[in-house]
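All chains should be built: construct the whole structure from the sequences, respecting the hints.
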Amino acid sequence: MTGGPAGAYERMLAVAVAALHERDPERLWPLVAAALPGLCGGEALIYKLGEWTDRTGSMGFSPGAAAHLGRIDDIGDESMAVLRRGYPFADHYATAGAVRRPGTAHRMAGRGWARSRTAGTISRLMDADHVLAIPLPGTTTPVTGCLVYRAGADFTEDHVRAAEQVQPLLAGVEQQRQLLERLRATTAPAEATADSRLTPRQVTVLLLLADALTASAIAHRLGISVRTVHKHVEGLYRKLGTRDRVSTVLRAQEIGLLPRRVGR
Numbered sequence: 215m216t217g218g219p220a221g222a223y224e225r226m227l228a229v230a231v232a233a234l235h236e237r238d239p240e241r242l243w244p245l246v247a248a249a250l251p252g253l254c255g256g257e258a259l260i261y262k263l264g265e266w267t268d269r270t271g272s273m274g275f276s277p278g279a280a281a282h283l284g285r286i287d288d289i290g291d292e293s294m295a296v297l298r299r300g301y302p303f304a305d306h307y308a309t310a311g312a313v314r315r316p317g318t319a320h321r322m323a324g325r326g327w328a329r330s331r332t333a334g335t336i337s338r339l340m341d342a343d344h345v346l347a348i349p350l351p352g353t354t355t356p357v358t359g360c361l362v363y364r365a366g367a368d369f370t371e372d373h374v375r376a377a378e379q380v381q382p383l384l385a386g387v388e389q390q391r392q393l394l395e396r397l398r399a400t401t402a403p404a405e406a407t408a409d410s411r412l413t414p415r416q417v418t419v420l421l422l423l424a425d426a427l428t429a430s431a432i433a434h435r436l437g438i439s440v441r442t443v444h445k446h447v448e449g450l451y452r453k454l455g456t457r458d459r460v461s462t463v464l465r466a467q468e469i470g471l472l473p474r475r476v477g478r
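Residue numbers (the working numbering): 215 to 478.
Honestly, I wouldn't trust all of these hints.
[As the list claims (entries may be wrong)] Distance ranges between label pairs, derived from CB positions:
1) Arg452 with Thr354: 38 to 44 Å
2) Ser330 with Tyr223: 51 to 57 Å
3) Asp305 with Arg411: 21 to 27 Å
4) Lys453 with Arg241: 50 to 56 Å
5) Leu245 with Asp291: 25 to 31 Å
6) Arg435 with Leu464: 21 to 27 Å
7) Ile289 with Arg452: 50 to 56 Å
8) Glu448 with Ala230: 23 to 29 Å
9) Ala399 with Lys453: 20 to 26 Å
[As the list claims (entries may be wrong)] Straight-line Cα separation of at most 25 Å, DMTMM-like style, residue types lysine to aspartate or glutamate; simulated pairs:
10) Lys445 with Glu468
11) Lys445 with Glu292
12) Lys453 with Asp291
13) Lys453 with Glu395
14) Lys445 with Asp425
15) Lys453 with Glu468
16) Lys453 with Asp425
17) Lys445 with Asp458
18) Lys453 with Glu236
Source of the hints: derived by calculation from the structure; they are not laboratory data. Treat the numbers as computed from the prediction; the structure is a model and nothing was measured. A virtual CB, placed ideally from N, CA and C, is assigned to each residue, including glycine.
In structure tokens, the structure reads:
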């Protein structure tokens, strides 16, 4: 990453590799949250996933943010509502046609940022002066993604560019989390031993096969070659005792690795 912190590319690659091998969906975003602030000039991070209002929606902290905030229950409803509101990013990204490019609160709100309740709240809670939003690509909710915090001067253009380069990684991590959540929700406890025979990447390919994606589409989705996809598919055939895609999906449904499709 040109202009980014030393070794930023290597750290991002390490996060990507770790995410691909992680089997617990609940550990994926904490893993990212621990590394991401340092990749784009920040000191702490809050990530927000799913549908959001100023009263609902789950959030997670990087170790730096957790050190300042402590337990969520101790923050207070009013301060929590301010953090959830996502000023000024929610209004900016909700605008029709808005590009979901990373940006800083100061550049979006101008002089009004320093006088805002949000700036006062993060100063009091986290000893921070500036926020960099990294929206999750491909989402429509305004404040889905990461908010990175720092004290002192605002984030530089180099920091913003580094955040842009990280966005595809964030999209991949969220996709992996959703796939693992689907697997967890549909795998019967009694069949856990069958699932344990599959590698994390084979599990991902199996889920995409169930969605009727072609080898080319799977390769594009996962950023790997078509040849590698075929190798994973062959591994699935061998481990599940099948000979084609249809029988593989049916076998996976039979032993609880995939949900049965009603009406199909």
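Comparing the hints with the structure gives:
1. Hint check: Arg452 to Thr354, Cβ distance near 40 Å, so the stated range 38 to 44 Å holds.
2. Range check, Ser330 to Tyr223: about 34 Å between beta-carbon atoms, so the 51 to 57 Å window is missed.
3. With their beta carbons about 49 Å apart, Asp305 and Arg411 fall outside the hinted range of 21 to 27 Å.
4. Judged by the Cβ atoms, the range 50 to 56 Å given for Lys453 and Arg241 is violated: they are separated by roughly 25 Å.
5. The hinted window of 25 to 31 Å between Leu245 and Asp291 holds, with their beta carbons roughly 29 Å apart.
6. For the pair Arg435 and Leu464, the supplied restraint of 21 to 27 Å holds, since their beta-carbon distance comes to about 22 Å.
7. One distance hint, 50 to 56 Å for the beta-carbon pair Ile289 and Arg452, holds here, with the actual separation near 51 Å.
8. At about 24 Å, the beta-carbon gap between Glu448 and Ala230 stays in the expected band of 23 to 29 Å.
9. Taking 20 to 26 Å as the suggested C-beta distance range, the pair Ala399 and Lys453 conforms, at roughly 22 Å.
10. The hinted pair formed by Lys445 and Glu468 meets the criterion: a straight-line CA distance of about 23 Å does not exceed 25 Å.
11. At roughly 53 Å between alpha-carbon atoms, Lys445 and Glu292 are farther apart than 25 Å, so this suggested pair is violated.
12. The hinted pair formed by Lys453 and Asp291 fails the criterion: a straight-line CA distance of about 51 Å is larger than 25 Å.
13. The hinted pair formed by Lys453 and Glu395 meets the criterion: a straight-line CA distance of about 22 Å does not exceed 25 Å.
14. Pair hint Lys445 plus Asp425 holds up; C-alpha atoms about 19 Å apart against a cutoff of 25 Å.
15. Between Lys453 and Glu468 the alpha-carbon distance is near 14 Å, which keeps this suggested pair within the 25 Å criterion.
16. Restraint check for Lys453 and Asp425: the C-alpha separation of about 20 Å stays at or below 25 Å, so the hint holds.
17. Between the alpha carbons of Lys445 and Asp458 the distance comes to roughly 13 Å, so the proposed pair stays at or under 25 Å and holds.
18. The suggested pairing of Lys453 with Glu236 holds, with an alpha-carbon distance near 21 Å, which does not exceed 25 Å.
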